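Enquirer: What follows is the residue order along each chain.
There are 6 protein chains.
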Amino acid sequence: MEYNKAVSDLRVGDQVEGYYALGNILLKKSSAGKPFLSCQVSDATGSMDAKLWNYTGPAGPEDSGRAALLRGEVTEFNGSLQFIIQRLRFAGPQDEFDPAALAPAAPIDPGEAMAETKDILGSMEDEELRRLCLTLLERHGEGFARLPAAKSVHHAFLYGLLMHTLNMLRSADFLAGLYHEVVHRDLLLAGVLLHDLGKLWEYRLSPLGLVTEYSVPGDLLGHLYMGAREVENTGRELGVSPEKLTLLCHLILSHHGDPEYGAAVVPMCAEAELLSLLDRMDSRMEIYAEALPQTQPGRFPLRVPALEKRVYRID
Amino acid sequence: MEYNKAVSDLRVGDQVEGYYALGNILLKKSSAGKPFLSCQVSDATGSMDAKLWNYTGPAGPEDSGRAALLRGEVTEFNGSLQFIIQRLRFAGPQDEFDPAALAPAAPIDPGEAMAETKDILGSMEDEELRRLCLTLLERHGEGFARLPAAKSVHHAFLYGLLMHTLNMLRSADFLAGLYHEVVHRDLLLAGVLLHDLGKLWEYRLSPLGLVTEYSVPGDLLGHLYMGAREVENTGRELGVSPEKLTLLCHLILSHHGDPEYGAAVVPMCAEAELLSLLDRMDSRMEIYAEALPQTQPGRFPLRVPALEKRVYRID
Amino acid sequence: MEYNKAVSDLRVGDQVEGYYALGNILLKKSSAGKPFLSCQVSDATGSMDAKLWNYTGPAGPEDSGRAALLRGEVTEFNGSLQFIIQRLRFAGPQDEFDPAALAPAAPIDPGEAMAETKDILGSMEDEELRRLCLTLLERHGEGFARLPAAKSVHHAFLYGLLMHTLNMLRSADFLAGLYHEVVHRDLLLAGVLLHDLGKLWEYRLSPLGLVTEYSVPGDLLGHLYMGAREVENTGRELGVSPEKLTLLCHLILSHHGDPEYGAAVVPMCAEAELLSLLDRMDSRMEIYAEALPQTQPGRFPLRVPALEKRVYRID
Amino acid sequence: MEYNKAVSDLRVGDQVEGYYALGNILLKKSSAGKPFLSCQVSDATGSMDAKLWNYTGPAGPEDSGRAALLRGEVTEFNGSLQFIIQRLRFAGPQDEFDPAALAPAAPIDPGEAMAETKDILGSMEDEELRRLCLTLLERHGEGFARLPAAKSVHHAFLYGLLMHTLNMLRSADFLAGLYHEVVHRDLLLAGVLLHDLGKLWEYRLSPLGLVTEYSVPGDLLGHLYMGAREVENTGRELGVSPEKLTLLCHLILSHHGDPEYGAAVVPMCAEAELLSLLDRMDSRMEIYAEALPQTQPGRFPLRVPALEKRVYRID
Amino acid sequence: MEYNKAVSDLRVGDQVEGYYALGNILLKKSSAGKPFLSCQVSDATGSMDAKLWNYTGPAGPEDSGRAALLRGEVTEFNGSLQFIIQRLRFAGPQDEFDPAALAPAAPIDPGEAMAETKDILGSMEDEELRRLCLTLLERHGEGFARLPAAKSVHHAFLYGLLMHTLNMLRSADFLAGLYHEVVHRDLLLAGVLLHDLGKLWEYRLSPLGLVTEYSVPGDLLGHLYMGAREVENTGRELGVSPEKLTLLCHLILSHHGDPEYGAAVVPMCAEAELLSLLDRMDSRMEIYAEALPQTQPGRFPLRVPALEKRVYRID
Amino acid sequence: MEYNKAVSDLRVGDQVEGYYALGNILLKKSSAGKPFLSCQVSDATGSMDAKLWNYTGPAGPEDSGRAALLRGEVTEFNGSLQFIIQRLRFAGPQDEFDPAALAPAAPIDPGEAMAETKDILGSMEDEELRRLCLTLLERHGEGFARLPAAKSVHHAFLYGLLMHTLNMLRSADFLAGLYHEVVHRDLLLAGVLLHDLGKLWEYRLSPLGLVTEYSVPGDLLGHLYMGAREVENTGRELGVSPEKLTLLCHLILSHHGDPEYGAAVVPMCAEAELLSLLDRMDSRMEIYAEALPQTQPGRFPLRVPALEKRVYRID
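If you read the protein sequences in the order shown, they are chains A, B, C, D, E and F.
The first sequence lines up with residues 1 to 315 when you count with the working numbering.
The second sequence lines up with residues 1 to 315 when you count with the working numbering.
The third sequence lines up with residues 1 to 315 when you count with the working numbering.
The fourth sequence lines up with residues 1 to 315 when you count with the working numbering.
The fifth sequence lines up with residues 1 to 315 when you count with the working numbering.
The sixth sequence lines up with residues 1 to 315 when you count with the working numbering.
To be clear, the hints were calculated from the coordinates, so they are not data collected in a lab.
Worth double-checking, as some hints may not be accurate.
Just so you know, same-sequence chains aren't split out, so a pair can sit in one copy or run between any two.
[Said to hold, decoys possible] Pairs of lysine-lysine residues, derived as DSSO-like cross-links and limited to a Cα-Cα distance of at most 27 Å, are as follows:
hint, residue 1, residue 2
1, Lys244, Lys5
2, Lys309, Lys244
3, Lys5, Lys51
4, Lys151, Lys244
5, Lys51, Lys28
6, Lys151, Lys51
Quantities reported herein were computed from a predicted structural model and do not represent experimental measurements.
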């Protein structure tokens, strides 16, 4: 019996016990009429089909996304590995396990990334904007740091939003220097930090922190509105000048660049323009980073649904 | 000498004194090098070109839209009437004149319209939504009632927004009955009342109350965001349930129907769908109402820029 | 043995005899090489998979949509109910059964709806247009009343077109009052009545009256052209003035509002504009009415293919 | 004094008398307050600005497009030629002049073109379609032959529609041979002949036969609908089979190829597809033929508004 | 035992030996764990599913598209014919078989078609263009003649590009006569011949000559660029004037007509305009020619994916 | 008399002699019939209307853009300064003046910029790509450095392309570090250097080096094709591997990002994606840099035609 063995290391015949995430849970009946539970067993390293025979509940679809203590054996079915669950108990508050081991996470050190984020923000000269950014980070930083940046498409893993934000802050810092004659550095940095703040309320998260669906306010209001409103209300509370809040909220409301991509207004200043291009740039580069390992360099292209086209990997 | 004679009644040779609105003020020089002021003299009934010879200031373009006490004479130039100003003094707080006489206004009785508006809203069964609507009317009702609904295109006159809102409330009341199985009447009525609330902060107004330009927040944030934020903040203050506020803000944020027409999100419930159609319907009908008097029934079509097409007037 | 039991009431073990509609008929062979007929058994209340074992004909796909007298038993297969047919005879002229019981129908009383329709039309002041409408109703009223308004998407049931038309007439009546300064009431009402007249020739109908496919003229000419042509030819016969016929045909040809939605010309008068908005409004509300019962209020949204988006049901 | 001298031959100092077309007639006043008539004098060879001093009527804008007997002298103003009218009398039934000399006409012999048109149609094997085509030519041939094919853009001269139709018939004849396996020659030829038949009722014509504006039915119904309706009514009268009429009307209703270019339905058979491509091809080639003489081969491109792009002339 | 029997003639029970093309090769395991090869057996007349039981290699997916010598028997499975392979050997250089019999080919005589192509090109008056065309035909003619014109959609068979090019040359020859005033015949003919030249490097071909995929340069550069570059380099080598090469390359780079259809530049001369219309015309007609045999004349329409619509076959 | 005084320093009454650029040259007649030359006098600092009275030639429109030695006096007309030319002689080879003083130039030191460009390129590790870049710079560097990056819109001044290219190289260098896991640095740098190489042949230049019009090949082939072709031919000559040339030409052909913006193919690798975003970013920032000085910070927005929207300047 092995404990908490990584899913990517499981082989036929392994006897396993440990904590895993269960996804896509369904209650079914075999052709012989026997009830069973079908699901996906996963951790940060991968996932595998699983069955629990002669099971009638109480677990069901609404438990998808939860962590559970499993005991079972790895078999093969139709050429693929299959985890036959022998015992299943959903994890509760008393269980000790590392949630980070059960969900894919960004390839960054969250602590260092947050520290670098704060360093860059700390270098802002405008005291009002700096205080606003740091206050919002204080209030929401923990949730913000752990949040995936998306449900799928790109950065759909823990700390995804932090990784996306930090990459953009680094580029913004460089470009604010290159284009210092037209770009107000502090406004740009604040806009980058806060452009996706509203995602805090846009998603339903699984117990392990991944996005399962949009929340009702996420669907009906969108993260642009929710982020701008939070920034504006907090800014008023802190006494930030209305003019600066208007500009900062403009950056948030316009950062999708074009109404057909979801922008509530079109970018109308150089900082908003640059923010929307930086957002597109980092999203695109991450889509490539996630897609390219699936193909061979220099030969056949790979169809990437998020880009609606085929892409090549350069040798 | 006649006093406060209506612009539409002025004829060549009239000697006039009275209060008029001055627009499009420019300081020019004649080919002989003499300075003069060129402007438009207007009131609620019409407008006319005007000149004030040998004038070097202090009035200038920034005074456009203000009311002034004028004395002068009506002449003819190149086949058109022209008002030769002999004396000009801008109106101040001490001047007694009827601003309503100087700016075009909606063909409604504002008091009755506001009363009918409140009657319809008073019939809402949901106490939270009713209280929210009436509170917002109390706080903003005066400005709301006087506001034009647009800078041009349609309802671009005093009380235009009230007229537009009341027409939509009447239709919404009827249609909420016809489609009572799918439409939540109170939500629809609240959405109709508040859909353009953000226009309170979207425009720069002339001293007489007409729209001269978009305000900075109007351009950078738009009336959808500003209206939804005000509704949400007020609703929280009044203890309205978050679910209702989300729905109501959704109606506001989606009422342009389609991102390419400025909607921040697409309508996702029957009430939002209906609101966006009602808004388009009343706007279109008012565009026709303003355009058709300019043409003859049943003969030549009229090009209407706001519709980007030619339209016919039915006999 | 139970007779004509409603499909929605059938349970495992029921022995049934009665008239049902057969749909999607296919002749197949089992893996053991035995021939059988597979189909759907349905009535106005619902539908169920069915099999007739050891069947080689003569029925086949071309009989889909016909009514038949069935005897059989309800069983379960793979967790769903299945009707095992023991005897099948297609209904002929001599069979006595209620076709209305076999096909879904609009939730209206057709007689009352037609009477209200005629009442509204009878109130038209323009004698020529009134006579034209009533004559067309006389000639085509029966087929018109029973016709579904669509193949799918919305109002795809018996009396669907009548229900759609009457709802629009009610709204048109109200709005013609509200916008009486720009809208010619009689022209609008006539346009509403006749806008989908051409659908009489646009569909292939099943024996029970549902739309199975587009007819050849339906595909090649469309209901806009066919409706306008019928109205114009009938109008000429009745001596209606050419000017009125041109306007009325314009309303028909433009009622899809935009060429990309199938309009042959764009609306060029207030009545045509209003008609196209009323058509969209009633279609949208009916799509919501048909979709919302499939979801729970206030929680998860429902993807509605006809709207190409997800929608929420308000509590 | 020279009589009926061609406009393109007029020079400063010429004394002229003759018949010319008057266009763009306006009644104006000079800066000195003297009334005069301003217009364009034109014939088939060109046009020139003209003035009639001290003129107060009765001629006016509504006489634009009429022929008149003029006497006057050619002068120069601001570097351009100007015709100073000394006597003006509009032409009536008693006047003898060649209207063809006053309006630009297609560079074809109308008689020969009509004969070739009939020859090609006479070669159709399907007796019903041939009879339908020849009957429609008999009834409308004269008006059809003289009609410009457009108000501007291309073929906007007398006999333009005949020239356009004959060119397309020649190409259709060739292509029906090349693609004989997929194209029904008689249907294609009939569709080509009749595709623009509805233009007979789409325009307002000047007394000399040029298009001045769209007619009311032209705007409200369009030439696609009016042509198809005329073809269908005539075909029914002649006993042509409904199937053939449906196909032929489909070609007419779809010949603009795409709804965004005005097609009422999209082409759904090979003949309709080919017709829409032939129409575009001949229109494009004629636009080039009219535009290229205005530029030099091989050097600077010419902006052609009808194509919304610049084009080159090949040496 | 029958030899090289056409696939379209195979019947249950046939014992066959012969050369066939193998496509879509997959190595699988049965539910009982037995390995087998699954593929498609095809020749110019049709294709059929096939199995080779107890097979573990060495053939695999990378051999798809190759010819092989097969021995086997035709059986039936689930109502369809199935070829049970008993012996399989891929064809090598020593094998004698007619590749043309194994791949679908255009319904033309390639030799005659090439001769007619050269005849038309030989009639060009411009010596430089004629020499350029004939030189390119000499260098690339063999590959050019055999190439399919596409991977699917239309002309996706051997000699497809030659058939497509010749049809267009015939039409171009006719239309250059009809529009001789605006069209430079030699330039048009040269453009037609060379418009798809770049397809020589755009595809990966199977051993039998059919298109299996786009090549890397095909994806990354496109056939417009590659064709124009080849024409320009060859033209410089032959001393063709730069002006003519610019025009000819323009025809190639613009022949898709519109950037949204892949044109690198928009057509800017009459010849480029005509070329793009001819290309669309011949493609469309061939799509119809390939689609129509699949449906019945005059009844139900056929959905044609390449046209994104349903089409009718005329009786 | 002052010599070569900067246009921006000229005042009423100045007597001037010096070299200036003449633009928009027209030969006109006064209302009194006197011939004169009208033009624009400009240098790198600004421009002014000018007249040369009683002038009949030989200078004319075709001399626009040339430098000339002028003597004259500055006067005022209608409130604007006007240069009255007393003597005019176009500059020839013998004239000694600084062309850079007569045409606006990028605010960079061209020598330093070129050196930094070469430094960055010299740091490439791939020897083939580095050699290709440096060879192309050697052959075309002088023309490349001086070229404006556009006819108008942005960077439309001398050394504009160099400034644009260097800015992009700096950003590319930074981003190649940030995204080193997905981006091949050398390929990206080479693509940035060469993406606009084809502009060398796309424009007609005035004698002073500004863009007056597109050249014939510029219009008919575009700079994407011409640049890729030059790169590929040079690369073959230098023995660069075909695979690298394909990738590099792909970057050039796709750098407009989207076919609707002129891309010949869509970007299909991370480097091409990044290049197209960098190009858009630097163009946008330069448009802001050129537009913002025309407006006041924080108040009224400025309509920028190149962006098709109004923009704000942040304080």
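Enquirer: Please go over all the hints and tell whether each is borne out by the structure.
Expert: So, going through the hints one by one against the coordinates:
1. Lys244 to Lys5: Cα proximity of Lys244 and Lys5: none, with 52 Å in one copy and 44 Å across.
2. Lys309 to Lys244: Intra 40 Å, inter 22 Å, cutoff 27 Å: inter-copy only.
3. Lys5 to Lys51: Answer is within; shortest intra-copy Cα gap is 18 Å, inter-copy 40 Å.
4. Lys151 to Lys244: between (32 Å within a copy, 26 Å between copies)
5. Lys51 to Lys28: both (10 Å within a copy, 24 Å between copies)
6. Lys151 to Lys51: within (26 Å within a copy, 42 Å between copies)
Comparing the model with each numbered hint stated earlier shows that hint 1 is the single one that does not hold.
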